[in-house]
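Enquirer: The lines below spell out each chain.
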Amino acid sequence: MTGRLTGNWGHLVTAVLIVCLLLAWEIAGQMKLVAGGTLPAISAVILRLIGEFDDYWPHLTATLRTASTGFVIGNLVAVAAAAMFCLWPFSERLFRGINITVFTVPPIAIAPVLVIALDGDTARITLAALLVYFPTMTAALTGMQTADPRVIDLVHAYGGGNFKALYLVRLRTALPAILSGFQIAAPAAVLGAILAEFGSGARWGLGSFLLGSLGRAEPDRLWGIGLTATAISALGYVVAAVAAKWVTGENKALSLTVSQVRAAPAQGRLQSFAMVLAALLFPFLVWQGLIWASGLSPIIAKTPFGVIDYLFLGKTAESAQARLLVALSQTVPITLLGMIAGLLFAFLLSLVSFVSPAIMRAILPFALFTQTMPLVALTPLAVLIFGRGITVTLVITISVTFFAAFVVLAQGFALIPKSAFDLVESYGASTWKKLWLIAVPACGKWIFVAGRLALPKALLGVMIAEWLATGKGLGNLLNQSRGYLDYGMIWSVAVVSILLSVALYQLAELAERLLGNGRVTRD
Amino acid sequence: MSISITRRSFVKASVAGAAALSVPGFLTRAHAATPLTMQAAWINDAEFCGYFAAIDDGLYSEAGLDLTYLPGGPDVIPESSIIAGRADLALTTPDTTIKAIVDQGAPFKIIGAQYQKNPIGIVSLAKAPIKSPEELKGKTLAVPPVNVISVEAMLAINGIDKSEVNIVPYAYDPTPLIKGEIDASLDFTTNVPYTIEQQGEKAHSFLLYDFGYKTYNDTVVVTEETLAAKRDLLVAWLRASRKGWDANFADTAAYPPKFAETWFKGTGRTIDNEIFFNGAQKPLMEHAGGIFTMDEAGIDANIETLNRIGIKATKDMFDTSLLAEI
Amino acid sequence: MQGLPLSFTDVAKTFTIKGEALRVIDGLTLNCPAGSFTAILGPSGCGKSTLLRLALALETEDGGSVKIGGEDPVIARRSGSVGVAFQDAALLPWRSVRDNVRLPFEVLGTAPDDDQIADLIELVGLKGFETAKPGELSGGMRQRVAIARSLVTDPRVLLMDEPFGALDLILRRQMNLELQRIWSAKRPTTLLITHGVDEAVYLADRVIVLSSRPARVVADIKIPFDRPRGPELLREAEFHGLCDEIGAYLETGREAA
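These protein sequences, in sequence, are chains A, B and C.
If you count the first sequence from 1, position 79 lands on 79 in the UniProt record's numbering, and the numbers rise without skipping.
If you count the second sequence from 1, position 211 lands on 211 in the UniProt record's numbering, and the numbers rise without skipping.
If you count the third sequence from 1, position 95 lands on 95 in the UniProt record's numbering, and the numbers rise without skipping.
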C-alpha cells in the first residue's frame with residue numbers, strides 16, 4: 001500500500017526512533033531529570049546488568065523454566081478449551097463464570113492461597129498458566145468462530161462432522177488469532193512467574209531477586225531485572241509475532257466474508273432459564289470442589305458457604321460489610337474511569353500501528369517492558385512522578401489494561417483484506433479515510449473482543465494501585481487482611497472483585513450486542 | 001468456627017515428598033534423624049542467621065533433627081503453613097497469631113520468641129528526623145498494609161489521633177523516603193538505616209517498642225496438635241537454634257560471610273548489609289535467660305499491648321514449658 | 001459408477017429470522033432420475049439454494065422428504081457419493097490448489113486418488129498451478145479449482161450452486177463446455193442451480209423454473225438437443241427460442257408471486 005512507510009524506509013524510521021527514545025532515556029537518567037534521578041540512565045542499567053550477570057543467571061534460568069512451563073500448559077489448556085467451546089457452545093456459557101474468574105482474579109488475592117495449596121514450583125507454574133489461559137482462549141475461540149462458513153458447509157457436505165471441521169478448517173483459520181493470543185500470553189507468563197516467585201518464598205527466580213533488591217533503593221538493579229524479564233517475554237513475543245505474520249498473510253480472507261446470520265433454533269423459556277441457572281451455579285460448584293480436593297483448613301480455604309457466613313451470618317458480618325462497602329465506594333468509581341482510559345489508550349495505539357507500523361515497531365519494546373516489569377518495582381518512580389492520587393491510579397490501570405486490547409485490535413486491522421483498501425485507494429483515499437471507511441468498521445468484532453479483555457482488567461489495575469500507592473479501597477483491604485490472617489476477608493474481596501469484573505465483562509458484551517448488531521448467533 | 005484437619009496428613013505427606021525433591025539445597029540430612037520443617041517469615045537474610053549457623057554447624061543433626069528450612073515472602077503467611085501442614089513450626093508476628101487464635105479459634109501456641117523487642121520502627125532521614133510519635137503529626141508515613149494496625153495502636157497509646165498522620169502504603173523500597181516523597185516509613189530498624197546510608201543519607205529511627213508498643217517478633221508458633229505429637233523435637237529444635245544464635249552472636253561479623261555462596265547467594269543483598277543487620281539485631285534478641293526466652297514481664301507486656309488494640313491476648317496462648325526443658 | 005436418483009417429495013422449509021417465520025419452500029416435489037442433468041432457475045431468494053442445502057443435509061426439511069438413492073442424504077454424503085460446488089469457490093487460503101482439491105478425501109477419511117487429482121487439475125486448465133495458493137489465482141481460476149474439487153471423489157450425485165456465477169462470459173462458456181464433457185464421461189445425477197437461462201438450456205436435460213418465495217415449480221421443460229452439444233448450439237435459433245420461452249416463464253413466475 002502506498003502512503004504507508006514500507007520496506008527499508010520503514011525499518012530505518014523504526015531504528016532512528018528507537019535510538020532517539022533510548023537517547024532521551026539516557027539523557028534523562030544522566031541529568032537526573034526524572035523524579036530526582038529515580039529513573040536511572042539506560043547505560044547505568046546495562047553496565048550494572050553486565051557486571052552482575054553471574055548473579056542473574058540462576059534467577060534467569062529459574063524464571064525461564066517456570067514461565068515457559070506455565071506458558072505451554074496454559075496455552076494447551078486454552079486452545080483445548082476454545083475447541084470445546086466452539087464444538088459445544090453451551091459449554092462456553094457453562095464455563096463463562098470460570099473463564100472470567102481465571103482472567104480477573106487478582107494475582108495478589110490468589111497468590112497466598114496458591115502458595116499454601118500447592119507446592120513450590122507447582123504454585124508458580126500454576127500462576128503463570130492462569131495468566132496465560134484467558135487471552136489465548138478468547139483469541140482462539142474468536143478465531144475458530146470466524147472460520148469461513150462456506151468452507152464449513154463444504155466439510156459437512158462431504159459428511160464431515162464438527163470435529164472434522166474443527167481439525168481441517170477452524171484450527172488453522174484460528175492460527176493467526178491463537179498466535180496473537182501467544183503474543184499477549186508471553187509477557188503474561190513471565191509476569192505470572194515473577195509475581196509468584198516474588199511472593200512465595202522461592203529461593204531462585206527474577207521475582208525473588210527483585211524482592212531482595214527492593215529494599216536497597218538501587219533503581220538501576222530493579223530496572224536491570226525488569227529488562228531481563230522483558231528480554232524473556234520479548235523472545236516469546238517475537239517468535240509468536242513472526243509466526244503470526246507468516247500465517248496471517250496466507251489467512252487473509254480472499255474477500256470480506258459476510259457473516260451469515262443463522263436462524264437460532266427456538267429455545268424454550270424454561271430451557272434458557274435452566275441454562276442461565278447452571279452457568280451461575282457451576283463456578284460455585286467448582287469452587288466448592290477445589291476446596292474439598294485441597295483438603296485445606298477452613299481457616300484458610302473458604303467455601304461459598306464460608307464466605308456467606310463471614311459476610312452475612314457470623315459475628316464478623318457487620319464489621320466485614322462495613323469495611324467492604326467503604327472499600328467498594330473508593331474502588332468502583334475510579335475503576336470505571338480507568339476502564340475508559342485503558343481502552344482509549346489501546347485504541348489510539350492500534351491506530352498508530354495502523355497508520356505507521358514503523359512508529360509502532362519503535363514503541364513496541366517499551367510497551368512490552370510495561371507488561372513484564374512488575375509494578376512493585378516501578379512504584380517509587382510512579383509515586384514520585386504522579387503522586388498518590390487519581391493520576392497514579394489511572395496510569396497504573398492503563399498500563400495493566402492496554403496491552404491485550406492493543407494486540408487484539410492490531411491483529412484485527414491486519415486481517416482486513418488488501419482488496420478492501422485497494423478499492424478506496426483507487427478513489428484517492430488518504431490513510432485516515434481508509435481508516436474510517438474500512439479499517440474501523442471492519443474490525444468491529446475485534447473492538448469488542450479487545451473491550452472484553454480490557455474492561456475486567458481495569459479493576460485489577462486499580463487494586464494494584466491501591467495496594468502499592470494510594471492505600472485505599474479493595475486493594476488495600478486485601479493486603480491488610482493478610483496481616484490479620486483474615487482469610488474470610490481475603491476470599492470476600494476476591495469474590496467481590498470477581499463479581500465486579502463479571503459485571504464489567506457483561507457490560508462489554510451488552511455493548512457488543514447493542515452496537516455490533518451483526519453478531520452471529522451460533523447456538 | 002471449628003477447624004477440621006482431616007485431610008491434612010495427606011497434604012503433609014505429598015508436600016514433604018515434593019519438598020524433598022524440589023529443594024535439596026535446604027535439606028541437611030543425618031542418618032536416623034527425625035524430619036522437622038520450619039517456616040521462616042521472610043527471604044534469606046540476617047534475620048535468620050542463627051538457624052543457618054545451626055544447620056551448617058550440624059547442630060540440628062546432633063540433636064537428631066532432619067530440618068527442612070522454608071524461606072518466607074510477602075505472600076507466605078507463616079501461620080498458614082502450619083495450619084496447612086506444610087511446616088511444623090513457623091516464625092510469626094505475635095499480633096497476627098494471637099488475633100487468629102481469638103477471632104478464628106486457630107489452635108496455635110507460642111513456644112518462644114526470637115526478638116524480645118520487635119525491630120519494627122519509624123525510620124526517617126537524619127536531616128529531617130522524626131524522634132517521637134508526637135513528631136509524626138502532619139507528616140506522611142509509609143507503612144506496609146499488614147502493619148497499619150501496629151502503627152495505629154502505637155499512635156493511640158501515645159494519645160495521637162490516627163487522622164493526624166497521613167498513612168500511605170509502603171512497598172519495600174526506601175527510595176520515596178530518600179527522595180523526600182514521604183517523611184518516614186515503618187521498617188525493620190535493623191536493616192533499612194544501612195540502605196539509607198549507602199545512598200548517602202543518614203537515617204534516624206525509633207522502635208515502636210520504645211513508645212509503648214511492647215511486642216515480641218518472630219514468635220515461634222506451633223499448632224496444638226504438633227505440640228502434643230512432637231514436643232521432644234520442638235525442644236530439641238529450640239535448644240539447637242539457641243546454640244546457633246549464640247554461636248552467631250559471639251562475633252556478629254563472623255557468620256554472614258560464610259553464607260555468601262550458600263544461604264545468601266543471589267538474594268540481591270550484600271554481605272556488609274547482613275553484617276550490619278546482624279549487629280543491630282543482637283541487642284533486640286538477647287536475654288539473660290537465653291535466646292527465645294519469654295519471661296513473665298515480657299508476656300504481660302505483650303498481652304497488655306495487644307489488649308489495648310482490642311486483641312484479647314491471654315497467658316495460655318504462651319507455653320513456656322518447652323523453654324524450661326532446654 | 002452410475003448416478004443415483006435424487007428426489008424431493010412434498011418438501012417444506014421455514015426459517016425463523018429475527019423472530020419472524022419465513023416460508024421458503026412449500027410442498028415442492030421434484031424427481032431427478034439416475035444420471036440426469038437438471039437445471040433450476042428462479043428469481044433471487046426463491047429458495048433454490050435452500051433446495052440444494054437440503055439435498056446436502058446442511059438443512060433439515062420441516063415437511064416431506066429428500067432422498068438420494070432412496071436413502072437419507074446424510075448417508076449418501078458420508079459414503080462419498082455426493083460432490084458439491086458453491087457459488088463462491090470456498091477454498092482454504094492456506095492450501096495449495098492440489099491440497100484444496102484433495103480436501104474431500106481428507107473429510108471422508110479415504111485414500112486420495114493422486115492421479116485423479118492431477119487429471120482434474122489438468123482438465124480444468126490449471127496444470128502448472130498445482131502448488132499455487134488461492135490468493136495467487138484469479139477469481140475464475142479459483143472457481144475452476146472448486147469445480148475440480150467437486151468432481152474429485154467421482155460423485156454419483158453432483159450438486160452445484162451457481163458455480164460459474166462469478167465468471168465472465170467467455171470463461172463461463174468454456175467452463176460449460178468442460179463441465180458437459182466431464183459429465184458425459186461419468187454421468188453423475190446433476191442438479192445445477194443457476195441464473196443463466198442459456199447455461200441451463202445448454203447443459204441440462206431438463207430445466208425447472210421456480211416461483212418466488214415460497215418456491216413452487218412453475219415450469220418443467222425438457223431440453224431436446226442431442227449430446228455432445230458443441231459451441232455452435234449457442235448460435236442456433238431453436239436454442240434461442242427455448243431460452244426465450246423459459247425467460248417468459250421466469251417473468252410470469254415472478255408476477256404470480
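Think of the hints as simulated: they come from the structure by calculation, not from any bench.
These figures come from a predicted structure and were not determined experimentally.
Keep in mind that a hint or two might mislead.
To be verified - Covered stretches of chain A (in silico footprint by chain C; criterion: 3 or more residues with CB under 8 Å from a CB of chain C, positions within the stretch not fixed): (1) 152-161; (2) 164-178; (3) 193-206.
Stated by the list, open to error - Derived lysine-lysine pairs resembling DSS-like cross-links, with alpha carbons at most 25 Å apart: (4) B:K202 x A:K32; (5) B:K137 x B:K162; (6) C:K67 x C:K186; (7) C:K133 x A:K164; (8) B:K137 x B:K202; (9) B:K312 x A:K315; (10) A:K245 x C:K133.
Claimed, not checked - Just the calculated beta-carbon pair ranges, DEER-fashion: (11) B:D56 x A:A243: 29 to 37 Å; (12) A:W88 x B:D56: 52 to 60 Å; (13) C:S184 x A:K245: 45 to 53 Å; (14) B:T270 x A:G36: 22 to 30 Å; (15) B:G64 x A:V242: 56 to 64 Å; (16) A:T122 x B:A254: 32 to 40 Å; (17) C:P231 x A:L510: 40 to 48 Å; (18) C:E71 x A:I308: 54 to 62 Å; (19) B:E152 x A:W88: 50 to 58 Å.
C-beta: ideal position from N, C-alpha, C; glycine also.
Enquirer: With reference to the structure, classify each hint as holding or not holding.
Expert: Taking the hints in turn, this is what the structure says about them:
Here's how the segment 152-161 of chain A fares: 8 of its residues keep a CB closer than 8 Å to some CB of chain C, so the rule of at least three is met and the hint holds. Given a C-beta distance limit of less than 8 Å, the hint that chain C covers the segment 164-178 of chain A holds, as 4 residues qualify and 3 suffice. Against chain C, the segment 193-206 of chain A contributes 0 residues with a C-beta closer than 8 Å to a partner C-beta. That does not satisfy the three-residue criterion, and the hint is violated. Our distance criterion of 25 Å between C-alpha atoms is met by K202 of chain B and K32 of chain A, whose separation comes to about 21 Å.
In summary, the hint linking K137 of chain B to K162 of chain B is supported, as the alpha carbons are separated by about 9 Å, within the 25 Å threshold. For the proposed pair K67 of chain C and K186 of chain C, the alpha carbon gap of about 21 Å is at most 25 Å, so the pair holds. Restraint check: the Cα-Cα separation between K133 of chain C and K164 of chain A comes to about 22 Å, which is no more than 25 Å; the hinted pair holds. With a C-alpha separation of about 22 Å, the suggested pair K137 of chain B and K202 of chain B falls inside the 25 Å cut-off, and the hint holds.
A C-alpha spacing of about 16 Å is found between K312 of chain B and K315 of chain A, which places the hinted pair at or below 25 Å, so the restraint holds. About 17 Å separates the Cα atoms of K245 of chain A and K133 of chain C, which keeps this hinted pair within 25 Å; it holds. D56 of chain B and A243 of chain A have their C-beta atoms about 49 Å apart, which leaves the hinted 29 to 37 Å range violated. Under the hint 52 to 60 Å, the C-beta atoms of W88 of chain A and D56 of chain B, about 58 Å apart, fit the expected range.
Between S184 of chain C and K245 of chain A, the C-beta spacing of about 48 Å keeps the proposed range 45 to 53 Å intact. Between T270 of chain B and G36 of chain A the beta carbon distance is about 24 Å. The supplied range of 22 to 30 Å therefore holds. A beta carbon spacing of about 59 Å between G64 of chain B and V242 of chain A agrees with the range 56 to 64 Å that was offered as a hint. Hint check: T122 of chain A to A254 of chain B, Cβ distance near 38 Å, so the stated range 32 to 40 Å holds.
Separated by about 60 Å at the C-beta atoms, P231 of chain C and L510 of chain A break the suggested range of 40 to 48 Å. Range check, E71 of chain C to I308 of chain A: about 58 Å between beta-carbon atoms, so the 54 to 62 Å window is met. At roughly 54 Å, the beta carbons of E152 of chain B and W88 of chain A sit within the given window of 50 to 58 Å.
The structure does not agree with the numbered hints 3, 11, 17 stated previously, though it agrees with the rest.
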